[in-house]
Amino acid sequence: MTGDDGYSALEETALRTRYRSSFARDSRMGYYIAAAATALLAYGLWHLGFSITKFLHGIANLGNFVVLMFPPSWGDTASLFRFVKALGETVAIALLGTMLAAAIALPLSFLAANNTTVSQILRFFARRSFDTLRGVDTLVWALIWVNVVGLGPFAGVLAIAISDIGSFGKLFSEAIEASDKKPVEGVVASGGSRLHAIRFGILPQVAPVLISQFLYYFESNTRSATIIGIVGAGGIGLQLSEQIRTLEWQTVCFIIIMILMTVSVIDLISTRLRTAIAGDARTTI
Amino acid sequence: MRGPRSFSGIMTTATADSRKSIEALSSAYAAIVARKRKQFLRSGAVLAVVILVAGWMAEVDLALFFSNVHKFPNYIGRIFILDSGDLKGSLVVFDIPGWFWGVGKWLKLLADTLLIAYVATLIGAIFGFFACFFAAGNLGVSTPIRFAVRRYLEFCRTVPELVFALIFVLAFGLGPIAGVLAIIVHTTGALGKLFYEVLENIDQKPVEGLISSGASWTKTMRFAVLPQVLANFISYALLRFEINVRGASVMGFVGAGGIGQDLIEAIRKFYYPDVSAILLLIIATVAVIDLVTERIRHRFIAQGH
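From first to last, the protein sequence lines are chains A and B.
Residue numbers for the first sequence follow this note's numbering, so the first one is 1 and each next one is one higher.
Residue numbers for the second sequence follow this note's numbering, so the first one is 1 and each next one is one higher.
Simulated from the structure, these hints should not be mistaken for laboratory data.
Ideal Cβ positions, reconstructed from N, Cα and C, are used throughout, including at glycine.
Mixed in with the good hints there might be a few duds.
Stated by the list, open to error - Derived DSS-like pairs (lysine-lysine); straight-line CA-CA distance at most 27 Å:
| # | chain 1 | residue 1 | chain 2 | residue 2 |
| --- | --- | --- | --- | --- |
| 1 | B | K108 | B | K269 |
| 2 | B | K108 | A | K182 |
| 3 | B | K88 | B | K269 |
| 4 | B | K105 | A | K54 |
| 5 | B | K71 | B | K88 |
| 6 | B | K105 | B | K88 |
| 7 | B | K205 | B | K219 |
| 8 | A | K54 | B | K108 |
| 9 | A | K170 | B | K193 |
| 10 | B | K219 | B | K193 |
| 11 | A | K170 | A | K182 |
| 12 | B | K20 | B | K36 |
What the hints assert, rightly or not - Short derived list, chain B residues pointing at chain A, Cβ under 7 Å:
| # | residue |
| --- | --- |
| 13 | E59 |
| 14 | A63 |
| 15 | P160 |
| 16 | A171 |
| 17 | F172 |
| 18 | G175 |
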C-alpha cells in the first residue's frame, strides 16, 4: 500500500530509521515559541480593542472611501498648481536635507571611526550623539524646528538634516572603518601627513560607498518628506492631510498617485546614478 | 650591417628614449587631470544650480535661520528644566519623581506602542510570507500574477504609514486599531519585497530534486525552499519589528494609538519637561528592543549558515 508520498509503509519505516535525525524533532522549543507568539498576538488584539463587528464596519467604511476616490481629480487649476508646488517642495526638502546631513556628517564620521579618530573620548561622544540624533523620530525634530524657524518647508529641511546626521555619521564611520589599510600605509610611508592619508588613502576608497548611501537616503527621505507636512513642516503632506480631513477623496487619490509617481521617478534616477557612480554598490553596505 | 654600438651610445639613446616617454606620460597625465578638473567644475556648477533652485523652493531663509538658531539649543535646554513644583527652574535630574510624574500612564502607553508594533509585525510578516511566493521570479508562478503581486507590494510600501493611518482613523475610528492596520499594510509591502528577493537567491538544486521526484508545488516549497530561507525571513521580520516600534511611537500624532499622542500633546502645549521624559522613555525602549532583536537575529543567522 502506498501513501500520498508514494512510499510504502515499510519503505517509510526504513527511511525513518535510516535518517532518524532528519525526522526527529530536535526539541519542542519551536512549538512553545509559536504558542507563546500566538497567545501574545491574541492578547494584543484584545488589549488594543479589536472587535470583529467594529472591524467589519471599518472595512465597509474603507470600501466606501475607495469607491469615492474614483475617478481621481485635482479640483480646480489653482489647487492643481498648489499640489505641484507642494510636491516640488517635498523633493527640495529631501534633497537639501540629505545634502546638509551628509556635509555635516562627513567630517564628524572621521572622528567617529576607529582608524581615523583623534581621540577615543571624542569617538565615544561622536558615536553616542549619532545614536541620540537617530533615536528621535524625524517628525519630532520637525515639531521642534517648527518652533525655531516657523511653519514651512525650511523646518522640514532642518528636521531631515538633523535626524540623518545620526544615520550618515554611523554609516560613514562604518565604511571608513572597513576601508583597506594598505593605501594609507603607502601614503604615510612616502611622507604624507594624516590629512594626506585621509584624502588620498581613504577618501577614494569610501567615496563610492558614501555616494551610494547618500542616494539611498535621498530616496528614502523623499518618502519621509511626503509626511513631514502633517506636523506643519512643508511639502505635500500638509495638502494631503487637509484633503483627508475634509473627506475630499477624489483629490486624496490624485495626490497619492502623484506621490507614487514622484517616488518611483526618484527611485529610478537614483538607482541609475548609483550604478553609474558606484558600480554594483550593494557590496559594502 | 652596422657594427656594434659602443656602451655609451646605448646609454644616450636609452636616456633620450626614456626622457621622451616620460614627457609623453606627463603630458597625458596633465591632460587627464585637466579633463577631470573640468568635469569636476562642471558638475559642481550643476550642483550649485540645483541647490539654489531647491533652496528657493524649500523657502530656505539663512537670515531667519541665523537670527533664530539660538532657539534650538534653548529648546533642547528648556525641556530639561522643571517648569512647576517647588524646584521650578532647576534641572530635571534634581526632582526625578516630579520629572517622571506621569510614568505610570506613559509606561502603559509604551506597552500599547510595543503591542501595536508586535501585532502589526507578526500579521504583516504572515501576509508578506504568503505574498512573496507569488512574487518571486524563479518558482514557476505565471507572469501576470507575479506582476500584480509585485505592484501591490510596491503600493503598500510606497504610501507612507502615516497616510494609511490618517485614512484608517476615519474608517475604523480613533485608536490603536487604525495604527495596527496601517503598520500591517506597510510591513506587508516591505517584508514581501525582502522575502521574494531572498527567494530569488536560493539554491535551485533542492527544488529540482523535489520536482524530479514528483513532489507537488506546495511540498517543493515546504521541503526545498523553506529550509533555505526561513532563517533570513525571521531575521528580516525582527529587523522590521525594530523599525515598527519607532513607527508605532509616532502613530499617536494622527490619533492612531500609542505613546505618540502624549508626546505630541506635550510638544504642542509646551509641557517642556514632559517632552524630555517621554522622549527618553522612547529612546530607552527602542535601544533595548534593538539590543534584544540583534542578539536573536545573530543566533538565527548563525543557524542559517
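Just to be careful, I want the Cα atoms of K170/A and K193/B compared with a cutoff of 27 Å; is the pair within it? Holds - the C-alpha atoms of K193/B and K170/A are around 25 Å apart, at most 27 Å.
Holds or violated: is there a CB of chain A closer than 7 Å to the CB of P160/B? Holds. Min distance 5 Å.
Is the Cα-Cα distance between K108/B and K269/B 27 Å or less? holds, 21 Å
Given the hint that K105/B pairs with K54/A, does the C-alpha gap stay at or below 27 Å? holds, 26 Å
Closest C-beta approach of F172/B to chain A relative to 7 Å, hint status: holds, 4 Å
At a threshold of 7 Å, is the proposed contact between G175/B and chain A supported by beta-carbon distances? holds, 6 Å
Sort out whether K182/A lies within 27 Å of K170/A, counting only the CA atoms. Since the Cα atoms of K170/A and K182/A sit roughly 23 Å apart, the hinted pair holds (cutoff 27 Å).
For K54/A and K108/B, compute the direct alpha-carbon distance and say whether it is at most 27 Å. Holds. K54/A to K108/B sits at ~23 Å (cutoff 27 Å).
Let me know if the C-beta of A63/B comes in closer than 7 Å to any C-beta of chain A, holds or violated. At 11 Å from the nearest chain A Cβ, A63/B fails the 7 Å test, so the hint is violated.
For the pair supplied as a hint, K71/B and K88/B, is the alpha-carbon distance within the 27 Å limit? holds, 21 Å
For the pair we were handed, K20/B and K36/B, check the Cα-Cα distance against 27 Å. The hint holds at about 24 Å.
Pair hint K88/B and K269/B, alpha-carbon separation not exceeding 27 Å: Holds, because 18 Å separates the two Cα atoms, which is no more than 27 Å.
In summary, the numbered hints that this structure violates are 2 and 14.
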